[in-house]
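Could you build the full structure based on these sequences and the hints that come with them?
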Amino acid sequence: MPVDDSPLTRASLLVRLRDGTNHIAWQEFVTLYSPVVYGFARKRGLQDADAADLMQDVMRSISSAIARLDYDRNQGTFRGWLFTITRNKIFNHLSARRIRPQASGDSTTSRLLDSQPDPDSADGADTWEMEYQRRLASMAMERIQSEFQPKTWRAFWLTAVEGRSVPETAKEVELSPGAIYVAKSRVLARLKDEVEAMRRQEDS
Amino acid sequence: MNDTSTCPKPEELQQLLEGSLADDRQQECIRHMDSCQCCQLKVEEIAVGGTNLSQVVEHLNEVQPPATSAYWPVLQGLGGDTPADAVKTPPVGTRTREVSLAFLQPAVDHAYLGRLAHFDVMRVIGRGGMGVVLEAFDSKLRRNVAIKVLDPELAGDDVARQRFCREARAAASITHENVVAVHQVEKSDGAGLPFMIMQLISGESLEQRLVREKRLPFREIVRIGMQAAHGLAAAHAQGLIHRDIKPGNILLEPPTQRVKLTDFGLARVEDDVKLTRTGFVSGTPLYMAPEQALGEEADPRSDLFSLGAILYEMCAGQPPFLGNSALAILRQIAEAKQRPLRELNPQTPQWLADTIDQLLAKKPNDRIQTAAQLAELLEFQWALMKTSSEEIPQVCEIEQRKQRIRNRWIAAGISAAFLSIGLLAGAVFFNRGGSSAEALVSSAEPVAVLNGGSGPVWSVSFSPTGDSLAMAVEDGSVRLWDVPKQSVKATLAAHRGTVWSSRYSPSGQWLATAGDDGFVKLWNVGQSDPFKTFKHDFAVRSLVFSRDEKTLYAGDRGGMLRVWKVEDGVKPQLEQQQPGSVYALALSPDDETLATSGSDKVVRLWNAKTLTQKLLLDGHAGPVFGLSFHPEGRRLASVGWDKTVRIWDTAAGSLVKSWPAHGGDVWAVSYSPDGTKLVTGGMDGAVKLWDAQTGDLLATYLGHINAIHTVAFSSGGALVASGGRDGAARVWKVE
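In the order they appear, the protein sequences are chains A and B. Just so you know, the working numbering puts 88 at position 88 of the first sequence, and the rest follows in order with no gaps. Basically the working numbering = 1-based index in the second sequence + 204.
Because the hints were derived from the structure by calculation, they are not lab data. Heads up, some of the hints might be wrong.
Distance windows between CB atoms, simulated [stated by the list, open to error]:
hint, chain 1, residue 1, chain 2, residue 2, range
1, B, G701, A, E147, 51 to 61 angstroms
2, A, D48, B, T460, 47 to 57 angstroms
3, B, N256, A, K151, 19 to 29 angstroms
4, A, I24, B, P544, 38 to 48 angstroms
Facing chain B, from chain A, some residues (calculated, C-beta under 10 angstroms) [claimed, not checked]:
hint, residue
5, V30
6, G39
7, R60
8, W81
9, F91
10, V161
11, S176
Note that the Cβ used here is the ideal one computed from N, Cα and C, for glycine as well.
This is how it looks when you write it as structure tokens:
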């Protein structure tokens, strides 16, 4: 049951982004992808400030590119393009730190850089995809939460997200273990539909 | 009635999830699931429908950065949603054209506008996207300086402030006469406003000069380009990219109008500012490189593109890419070829037009690769121009024979100029017999220019008839050219990665290619698929056919030599390991001796039938890049890193003769079919023809903009082909 009044269903985000005056599209884009870029950079070993800086850098690149030029769909997915830009920037960020001795007192830079995949390789694609999926799931959860009873949501949250045991959860939300499992699965089933709908919109 | 102890059917579980089961049945199922682990798992499995969603949502509560993270202000700056409890920075106001000077302390003297730290501010020099530039007097060091202050509106933005400081510090690390010196970076006492203190240049910018003059004299263009390239080279050596080279950032310092580049790295700060304000980077991107226009990473070669665009404008009187809007210009930059420069200004020297074209290549790989190379090239040309009293439009023309006598004094002057800049070995030859210096630069234009336009050329090979040329290109393709027509007959998608070698078999029926992917492929000429493929573990750098076409020798980057039988299948007939990488192979005319060379500085001679080593020729000071057997087999020529040609006696294993050949590494050598001449190609971009006996230079062919990787004679010896980094093969007529 896709939600058709979702802002994402009006037109592909990308199409609307190309219209440089569409601030809502830009905001949606930033809201969706910034955490993905930031999270990926952190997973690649960047510190908080560097990851935030890199995130801004990536968003600027994207902004200057899609506002002006037709992104060529044949070259792969938009998300793949974003991934390539992010990965290159991380690589360059660490390379630059290695070149500029004054900016790098830490010996970890070289090590980080050595552990970075070659920017041309597909390494890191799994991490990237996972970050994206987690972001989509996170946004989808915000959207669907209101569709459920607080108890049902809580049962799902404690077991599926926080990883608490079912007996413990059963006690806290005062539901039987069977009801906990059903609650968790109902939310998951709904979440799956929502994520898929969002993803379809993203990829369209 | 269903028993709670029997498991519900999958359809029922599906209905349970949807809430479409009858109430009582639903209660039963839930009760059943209190204890049935199987159904507990199964219902979740149905819910996630084969996806990894369960895994995805795990610990999603921990995904948000903490409230103190730098993430939140950046996200807010970008215009993203931020939770109410995240750290807030003051909202960014609307853009005002006037930058307030309220950050200044009151002036001690009425002659000044105000004071910033110990600087007395005299006037506002300019206002840019990211702040204001002031002229001020440094009361401590008692000198005038320029001060760039970050827009106070942005100083509240941590990221903008940090970036400003970081870029300014990086720029301060460049010390070069063609770069405006950044003395220091400071913060004001009160507001903590960052500002940078720079050398004050009193002259105008190239932008202002172009408004006045539109086109500049060629010598001036070359000088400005040369000095800008030197400044860029110094910055690039520090790992710094300018990112926004434009006429406004090229200052001309009186009295000599010396070039001073300014605003290194600040383009990024400006972009941040615009992004923060409008969500989009705007501005007029007239000089932006295609990769920047596409939002990709800028690299040092992006600066070279921008400099190319400026050189174009100085020659043509207009930038290479024009349009009514930023969008239109960016499309042009990304997609369109600029109008030929000589259409707009026919006086432009051909070499300059070629150089600018190369700088404006869409792909960074097709450009001149470093600012240092560009500087060297322009310096060379500038030296030539300096020697003539009048403006010589076509430098190469001065070597034309009909003008030779009239211009002899110029040639001598050129020699002096070369001496003074250490380029003597590059292009001028002093006649050994006589006392008079005579330039032996051939006037010859190439008889054909085969422009692949898709990356450096690593190998050229003539067909036996001489009318076809196989060209191995870095993009993985092999182009087969019709030489007389100067058109491509066929393009083979031969390898993944660089094609290092492509050779016609002696009869011309086959073509063998070798690539970075470790494959050796055999092709019937005229077919688009190989009929045989052999595999090495490393990139195969060199190939040679036996005269009887039954055997193919290949050497790879891992130092492995393999002998492949054309008739046989997948296994090499013989193999032999040598130290380092193999760069070149040559086979004696009797098919008995194989010569190999590579990174280990020696040339090895092997029994070609058994691959047992016969002799080791030791003498080169570095890697040996090229080999060629004399047609009678008694001599072998080798060239390499040490810039020399060496001629060896292959029977005795002794050195017969050697001489310095090029101003840089020598990449390629070939004997003429009659054995009387040698042709070499080098990093200096020159193709040289030598008397093989005496080592006398017979001719120098200039035309390539960049390093030459490969040279070859046609089977009749009337033509020489050369190919190299500039992506073109040139065919020269041998006199």
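State the violated hints by number, sorted upward, taking the hints as numbered earlier in the document.
none
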